[in-house]
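S.K.: Between the sequences and the hints, there should be enough to build the whole structure, so can you do that?
Protein chains in written order, with the numbering used here: chain A, 4 to 105; chain B, 6 to 144.
It is possible that part of the hints are untrue.
In silico lysine to aspartate or glutamate, EDC-like type, Cα no more than 16 Å apart, as pairs [claimed, not checked]:
no. : chain 1 : residue 1 : chain 2 : residue 2
1   : B       : K142      : A       : E98
2   : B       : K142      : B       : E66
3   : B       : K142      : A       : E99
Part of the chain B face toward chain A, derived, beta carbon under 7 Å [what the hints assert, rightly or not]:
no. : residue
4   : G35
5   : G41
6   : I136
Worth flagging that the hints you see were computed from the coordinates, not collected in a lab.
Virtual Cβ for every residue (Gly too), placed ideally from N, Cα, C.
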Amino acid sequence: MNLRETGTWFARGERARRGLALILVLCTGLVLLDGVTADTPPPQEAHDYYLRRGVEETGAINLVSAIYLGYRAFDTLGETIVFLVAIAGALYMVEEGSESRP
Amino acid sequence: MTRRTEILGLVARKLAPFVLLFGCYVISHGHVSPGGGFQGGAVLASGIILLVLGRGVAPTERLLPARWVAFAETCAFCLLLGLGMAGLLGGGRFLENTFPTTHPDEIPTVGFIFALNLVVGLKVGAGISLICLRLFKED
Chain A
4 MNLRETGTWF ARGERARRGL ALILVLCTGL VLLDGVTADT PPPQEAHDYY
54 LRRGVEETGA INLVSAIYLG YRAFDTLGET IVFLVAIAGA LYMVEEGSES
104 RP
Chain B
6 MTRRTEILGL VARKLAPFVL LFGCYVISHG HVSPGGGFQG GAVLASGIIL
56 LVLGRGVAPT ERLLPARWVA FAETCAFCLL LGLGMAGLLG GGRFLENTFP
106 TTHPDEIPTV GFIFALNLVV GLKVGAGISL ICLRLFKED
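M.R.: Spelled out as structure tokens, the structure:
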């Protein structure tokens with residue numbers, strides 16, 4: 004990162020900003036962790052419904068594909084958006100680190 | 006890659022078409038056997054990496070320019086949005102199945118999942134191969 008070159012790495016404002024960003028990320032992680040480690044069992048009604056009606060409603064024998072492309076295709080759309088942004092971000096980082104700046 | 010041995014080049018050149026074909030198989034049979042869009046896209050990208058290993062970066066760059074691959078990726082994403090909008094225009098919900106469901110495991114019924122598999126596979130394959138083509142290039 005070019006902050007090291009210009010010497011503003013140890014500026015007080017920069018460290019405060021990065022400390023605040025770190026605290027915010029840790030708080031978000033704790034909130035999400037609370038949602039994951041709850042003691043709720045998986046819903047048995049959804050499990051039975053997918054097994055009974057999956058093939059005839061979506062037409063796919065592969066029930067995994069029927070779920071993530073048929074019943075929950077909106078989550079697949081979100082996954083595709085995440086993939087697009089990840090590729091764009093990774094390409095941007097590669098381009099920034101490799102070309103010489105004038 | 007500064008030095009490429011004979012064995013690596015030979016094996017990669019012989020394997021690349023079969024791996025690309027296998028990737029297309031995994032994508033198109035996503036509704037029958039395990040696989041689908043994401044998995045088949047990764048196999049397609051590994052086939053393109055085998056092409057780079059077998060021939061070098063410059064011939065593969067002539068075959069698949071980076072602009073075309075990026076354009077294919079954005080086209081696949083817009084096609085995915087278009088399939089969702091077709092559900093809206095067909096009188097149902099967003100991303101709803103717009104094909105008639107009469108016989109299981111045939112194209113009219115499973116056509117929506119089949120189309121989604123193709124689009125997602127193209128997108129994932131183009132994205133991963135774009136990253137790999139960019140990283141293999143050394144100036």
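S.K.: All the hints need checking, so say for each whether the structure fits it.
M.R.: Now the hints, each set against the structure:
no., hint, in the structure
1, B:K142 - A:E98, "holds, 12 Å"
2, B:K142 - B:E66, "holds, 9 Å"
3, B:K142 - A:E99, "holds, 15 Å"
4, G35, "holds, 5 Å"
5, G41, "holds, 5 Å"
6, I136, "holds, 6 Å"
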